[in-house]
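**Q** For reference, the chains in residue letters:
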Amino acid sequence: MDDIKFFGPQLALLVAAGVLIVTDVLLPMAGRAAYAKRRPLFALLALTGVGVSLGWSLALALSDDRGEAFDGMMALDDFTLFFNFLFVGVAGAIVLGSMDFLDKNRFQAEYLALVLAASAGMSLMAAGTDLIMIFVALELQAIALFALVGIQKEGNSGEAALKFLLLSAISTAITLYGMAYLFGLSGETSLRGIAAFVATAGGESETALIMAAVFLTAGLGFKMAVVPFQMWVPDVYQGAPTPITAFLSVASKAAGFAVVMRIFLIALGEGIITEDWAYLFAAVAAVSMTVGNVMALVQGNIKRMLGYSSIAQAGTFLIGLAAVAAEDPQLLLGTSSVVFFLGTYAFTNLGAFMAIIAISHKIGSDEIKDYAGVAKRSPVLALALAACLLSLTGIPPTAGFIAKVYVFNAAVQADLVWLAIVGVLNSVISAYYYMRVVLNMFTLEPESDESFLPSPYLGTALAAAVVGLFVIGVYPGPLIEASESAARIFG
Amino acid sequence: MLTFAIFFPLIGAAVIATLPKTQEGHARSIAALTGAMVLAAVAYMFIDYDRDAGGYQFIDSSTWFESAFTDFDLNYAVGVDGLSLPLVALTAFLSLVAVLISWKVELRPKEYFVWLLVLETSLLGVFSSLDFVLFFLFWEVELIPMYFLISIWGSGNRVYSAWKYLLYTFFGSAFMIVGILTLGFTAGTFDIRELGEIGPVEDAIIPAWAIFSLIIIAFLIKLPIVPFHTWLPDAHTDAPTAVSVILAGVLLKMGGYGVLRMAFNIMPEQAADANIIFAIIAAVSILYGALMTLIQTDLKRLIAYSSVSHMGYVLLGASSIGVVGMTGAATQMVTHGLITGMLFTLVGMVYDRAHTRDIGELRGLATRMPFITAMMMVAGLASLGLPALAGFVAEVTVFLGTFERHEVWTIMGVVGVAFAAGYILWTIQRVFWGEPDPKWEGLTDATAWWERGPLLAMALAILAIGVYPAWVMDLLRDGVLPISERLG
Numbered sequence: 001m002d003d004i005k006f007f008g009p010q011l012a013l014l015v016a017a018g019v020l021i022v023t024d025v026l027l028p029m030a031g032r033a034a035y036a037k038r039r040p041l042f043a044l045l046a047l048t049g050v051g052v053s054l055g056w057s058l059a060l061a062l063s064d065d066r067g068e069a070f071d072g073m074m075a076l077d078d079f080t081l082f083f084n085f086l087f088v089g090v091a092g093a094i095v096l097g098s099m100d101f102l103d104k105n106r107f108q109a110e111y112l113a114l115v116l117a118a119s120a121g122m123s124l125m126a127a128g129t130d131l132i133m134i135f136v137a138l139e140l141q142a143i144a145l146f147a148l149v150g151i152q153k154e155g156n157s158g159e160a161a162l163k164f165l166l167l168s169a170i171s172t173a174i175t176l177y178g179m180a181y182l183f184g185l186s187g188e189t190s191l192r193g194i195a196a197f198v199a200t201a202g203g204e205s206e207t208a209l210i211m212a213a214v215f216l217t218a219g220l221g222f223k224m225a226v227v228p229f230q231m232w233v234p235d236v237y238q239g240a241p242t243p244i245t246a247f248l249s250v251a252s253k254a255a256g257f258a259v260v261m262r263i264f265l266i267a268l269g270e271g272i273i274t275e276d277w278a279y280l281f282a283a284v285a286a287v288s289m290t291v292g293n294v295m296a297l298v299q300g301n302i303k304r305m306l307g308y309s310s311i312a313q314a315g316t317f318l319i320g321l322a323a324v325a326a327e328d329p330q331l332l333l334g335t336s337s338v339v340f341f342l343g344t345y346a347f348t349n350l351g352a353f354m355a356i357i358a359i360s361h362k363i364g365s366d367e368i369k370d371y372a373g374v375a376k377r378s379p380v381l382a383l384a385l386a387a388c389l390l391s392l393t394g395i396p397p398t399a400g401f402i403a404k405v406y407v408f409n410a411a412v413q414a415d416l417v418w419l420a421i422v423g424v425l426n427s428v429i430s431a432y433y434y435m436r437v438v439l440n441m442f443t444l445e446p447e448s449d450e451s452f453l454p455s456p457y458l459g460t461a462l463a464a465a466v467v468g469l470f471v472i473g474v475y476p477g478p479l480i481e482a483s484e485s486a487a488r489i490f491g
Numbered sequence: 492m493l494t495f496a497i498f499f500p501l502i503g504a505a506v507i508a509t510l511p512k513t514q515e516g517h518a519r520s521i522a523a524l525t526g527a528m529v530l531a532a533v534a535y536m537f538i539d540y541d542r543d544a545g546g547y548q549f550i551d552s553s554t555w556f557e558s559a560f561t562d563f564d565l566n567y568a569v570g571v572d573g574l575s576l577p578l579v580a581l582t583a584f585l586s587l588v589a590v591l592i593s594w595k596v597e598l599r600p601k602e603y604f605v606w607l608l609v610l611e612t613s614l615l616g617v618f619s620s621l622d623f624v625l626f627f628l629f630w631e632v633e634l635i636p637m638y639f640l641i642s643i644w645g646s647g648n649r650v651y652s653a654w655k656y657l658l659y660t661f662f663g664s665a666f667m668i669v670g671i672l673t674l675g676f677t678a679g680t681f682d683i684r685e686l687g688e689i690g691p692v693e694d695a696i697i698p699a700w701a702i703f704s705l706i707i708i709a710f711l712i713k714l715p716i717v718p719f720h721t722w723l724p725d726a727h728t729d730a731p732t733a734v735s736v737i738l739a740g741v742l743l744k745m746g747g748y749g750v751l752r753m754a755f756n757i758m759p760e761q762a763a764d765a766n767i768i769f770a771i772i773a774a775v776s777i778l779y780g781a782l783m784t785l786i787q788t789d790l791k792r793l794i795a796y797s798s799v800s801h802m803g804y805v806l807l808g809a810s811s812i813g814v815v816g817m818t819g820a821a822t823q824m825v826t827h828g829l830i831t832g833m834l835f836t837l838v839g840m841v842y843d844r845a846h847t848r849d850i851g852e853l854r855g856l857a858t859r860m861p862f863i864t865a866m867m868m869v870a871g872l873a874s875l876g877l878p879a880l881a882g883f884v885a886e887v888t889v890f891l892g893t894f895e896r897h898e899v900w901t902i903m904g905v906v907g908v909a910f911a912a913g914y915i916l917w918t919i920q921r922v923f924w925g926e927p928d929p930k931w932e933g934l935t936d937a938t939a940w941w942e943r944g945p946l947l948a949m950a951l952a953i954l955a956i957g958v959y960p961a962w963v964m965d966l967l968r969d970g971v972l973p974i975s976e977r978l979g
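Note that the protein sequences, when read in sequence, are chains A and B.
Under our numbering, read the first sequence as residues 1 to 491, first letter to last.
Under our numbering, read the second sequence as residues 492 to 979, first letter to last.
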């Protein structure tokens with residue numbers, strides 16, 4: 001019984017996905033106009049699934065039930081719950097944010113079902129405590145995402161989907177190879193079992209363990225989108241429908257980090273190679289931040305720019321992971337800083353993408369130069385986007401400021417002052433390209449004077465994100481507490 | 492009370508932001524009312540501050556948020572002492588002045604006054620924070636309104652100047668946050684009161700001098716010192732008048748305040764060791780700024796460079812690491828705020844009428860605008876250090892305090908005063924005296940209440956400090972005394 005109870009949040013999403021598909025089949029075939037009418041129904045179904053899932057997670061969070069399900073395949077703990085809220089919340093925002101895009105699209109039901117399935121997969125990635133479970137969850141969300149990236153069938157959506165598919169397949173293979181090493185060494189697939197082996201492992205298995213760590217980093221680095229596994233990011237981000245780009249940049253990335261934390265902190269957390277992988281992460285962090293930011297500087301397309309910026313941001317999260325090499329209390333501080341940063345980043349980046357969807361939809365372009373004078377035509381949207389970009393830069397009083405202070409604090413406490421300095425210098429670089437968009441919107445003259453507002457669906461998602469990032473910026477206590485209790489499972 | 496004063500401008504800004512488009516005209520009145528309320532609150536604190544007791548007063552504090560994995564909390568803690576109170580008062584005063592002299596802003600007035608009020612909150616916050624992270628928060632918040640104010644309402648190369656300002660400041664503060672976190676981790680607290688008492692910083696994860704350097708870079712850029720000063724002439728020149736007033740009057744003081752309160756107060760050993768370096772930097776800034784002033788043809792640029800020179804005295808006074816010199820430095824911050832604020836206001840008025848700031852073009856304005864000319868004489872003479880006006884007191888105190896320790900560099904500073912007399916008198920003579928040019932026949936004097944009121948108030952303050960400096964200087968001395976004692 002506990003199995004179903006702990007699996008409930010994901011189950012609700014999967015059931016809603018199924019209901020969507022079945023409903024679509026039962027409804028008669030119809031022309032394009034009819035799809036516009038069906039949109040609210042499908043939205044309602046999808047949002048019901050999201051609502052049930054969130055409610056279920058909330059009930060679990062309020063109760064004291066914690067434990068494992070399906071014979072140790074997945075765990076329900078504060079870490080799982082944190083990411084349940086994150087992924088399901090993001091799914092809700094993506095559903096709302098996709099409504100403009102789905103208008104008159106005949107794949108409405110499939111699209112929404114895929115979003116829900118992918119979210120279920122991501123939250124299972126965070127919950128999985130067994131390599132097999134983690135791998136299955138990884139595939140569930142990856143396959144759903146291939147279809148979503150390519151669903152547009154116009155422009156370079158197809159190219160993006162193919163690129164995503166091929167590189168994702170390679171990364172999956174590499175991940176699997178790393179997992180195979182761990183299994184081969186320890187004879188276990190459960191993370192606890194592997195941890196028990198690693199903790200006592202002697203020097204003779206060191207090389208093999210390092211190989212495993214390197215392969216896992218490479219394979220999952222693709223999900224996290226960190227250098228040097230970032231090649232797919234700009235093209236896929238640009239080619240995919242914008243709501244899916246938002247989904248990739250927030251949820252898919254967070255899922256990658258959640259899995260990395262589970263595997264590295266539990267299975268490889270104690271033992272002979274902990275310091276090795278911490279240095280590995282520190283190096284990847286520094287390179288990701290620098291490469292991502294420098295490349296973002298020269299982008300003219302706002303989706304590509306945010307793609308590179310998300311690579312840089314991922315580098316910043318990795319600072320927190322690198323910071324766990326030191327002793328115990330620091331280990332938790334580093335971990336909780338990553339979790340907290342992912343939480344704030346979800347609000348910030350979703351908000352940015354929602355604003356971009358609304359603005360680009362109206363001005364018909366993703367080019368930064370075409371954002372000239374948006375502030376005159378739509379002050380609300382311009383301010384909302386500016387707030388999100390300020391948060392990405394890390395300027396107070398937004399969530400991004402607290403997140404950066406928190407993660408740099410973790411770095412300093414773990415004796416990684418050099419990494420913190422690389423990080424802050426990178427925020428200076430990032431200020432340039434983020435603020436350039438703000439500058440275009442506020443100081444230049446628009447080509448037309450027609451004013452516009454976001455659709456109610458988009459507006460809701462955008463308002464939630466922007467309010468969230470200011471609330472966290474001024475009153476971060478609750479989210480910090482949640483991140484710290486999530487991190488405590490590794491203590 | 493202090494919290495109210497800091498955040499009240501935000502309430503005013505919120506009210507203005509929600510005004511309907513048709514009521515835009517009321518934005519300025521609401522802004523002025525807000526500014527006046529804040530000034531009243533600050534004036535009350537200025538009078539009510541218990542000078543005998545000294546120390547931090549009007550303290551409000553509560554936990555902002557805490558992290559279970561670190562052994563210190565982040566606090567919302569504000570309070571003022573003898574050093575910060577006059578600067579808080581200066582901020583409240585000049586913010587109201589800025590609102591009044593912007594009475595005729597026509598471009599997007601709602602947004603303009605909102606940003607001006609947000610700016611006021613951030614500046615008040617910087618001077619009253621008692622927590623280093625909170626200080627940093629306000630320090631960073633200030634960037635946003637400044638960036639918008641320069642890039643939207645500025646003139647000339649405004650976008651470039653706004654960029655330069657933003658990136659220079661952000662660059663400095665990037666290092667500062669690492670310094671703050673390292674220091675906080677070493678000391679186990681971010682509370683400025685406690686940090687002042689920690690004594691020598693030992694066992695830090697990086698050498699103490701490195702922490703000191705990380706922290707002080709941002710302040711030196713803001714002050715500014717040569718060669719990190721180039722953002723200043725650009726930003727000042729292209730900013731709208733009221734923003735130049737705030738920039739020169741208050742923002743530069745954030746740098747000086749940071750040097751004294753944060754760098755010198757918290758890490759006195761490193762400050763004392765490096766004092767000769769600061770004296771040299773200060774002398775270079777004073778002389779370079781003064782020399783650059785001589786070749787300027789744009790009135791605003793000229794005053795901007797004179798600010799580089801005058802802020803050098805702040806650093807020179809601080810480098811004396813004695814109570815007299817530091818009191819002089821603190822006084823210089825207040826008087827320079829008033830004098831330069833007034834100069835920028837006047838130049839702005841001339842520019843609004845003549846639509847040029849070119850010194851070569853302007854001639855004989857005295858007959859056209861006697862009031863502005865009279866006010867210019869007051870501000871100009873105060874700026875060059877005429878006795879009985881505010882600038883004199885500050886500079887003499889700086890020299891008295893510093894001479895003993897850094898003879899050569901102080902003398903070079905004194906040379907700067909001679910230059911100041913030169914460029915100011917020469918400029919006033921060229922622009923206001925001389926043969927009236929028929930081209931400027933139609934120019935009118937400043938007659939509106941919102942022009943004359945602020946000017947007279949500033950002139951009065953300059954005179955009051957010049958004639959009877961004790962009412963401000965005693966306060967400032969009490970403020971820097973504990974810092975100078977730590978410096979030994």
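Everything labelled a hint here was simulated from the structure, so no lab data went into it.
If you're wondering where the values come from, they're calculated on a predicted model, not measured in any experiment.
All C-beta atoms, glycine included, are put in the ideal place defined by N, C-alpha and C.
Accuracy of the hints is not assured; some may be wrong.
When the alpha-carbon atoms are kept at most 20 Å apart in a straight line, the in silico EDC-like pairs for lysine to aspartate or glutamate are as follows [as the list claims (entries may be wrong)]: (1) B/K512 / B/E597; (2) A/K5 / A/E110; (3) A/K376 / B/E852; (4) B/K512 / A/D71; (5) A/K376 / B/D789; (6) A/K153 / A/D235; (7) B/K512 / A/E450; (8) A/K369 / A/D276.
Here are some chain B residues pointing at chain A (derived, C-beta under 10 Å) [as the list claims (entries may be wrong)]: (9) E557; (10) N566; (11) W594; (12) V596; (13) F629; (14) L634; (15) L658; (16) A665; (17) I771; (18) V775.
Chain B residues, not near chain A, derived (Cβ > 12 Å throughout) [claimed, not checked]: (19) L625; (20) F676; (21) L705.
**Q** If a hint holds in the structure, say so; if it doesn't, say that too.
**A** Hints and how they fare:
1. B/K512 / B/E597: holds (13 Å)
2. A/K5 / A/E110: Outside the cut-off at roughly 27 Å; violated.
3. A/K376 / B/E852: Outside the cut-off at roughly 37 Å; violated.
4. B/K512 / A/D71: violated (64 Å)
5. A/K376 / B/D789: Roughly 32 Å separates the two Cα atoms, so the pair is violated.
6. A/K153 / A/D235: holds (15 Å)
7. B/K512 / A/E450: Roughly 16 Å separates the two Cα atoms, so the pair holds.
8. A/K369 / A/D276: violated (44 Å)
9. E557: Result: holds, 7 Å to nearest chain A Cβ.
10. N566: violated (12 Å)
11. W594: Since chain A brings no Cβ nearer than about 23 Å to B/W594, farther than 10 Å, the hint is violated.
12. V596: violated (16 Å)
13. F629: Interface hint status for B/F629: holds (8 Å vs cutoff 10 Å).
14. L634: Status holds, d = 6 Å.
15. L658: holds (7 Å)
16. A665: B/A665 check passes; min Cβ-Cβ to chain A is 4 Å, inside 10 Å.
17. I771: Result: violated, 26 Å to nearest chain A Cβ.
18. V775: violated (26 Å)
19. L625: violated (10 Å)
20. F676: violated (5 Å)
21. L705: violated (8 Å)
This entry does not satisfy hints 2, 3, 4, 5, 8, 10, 11, 12, 17, 18, 19, 20, 21, going by the numbered hints stated previously.
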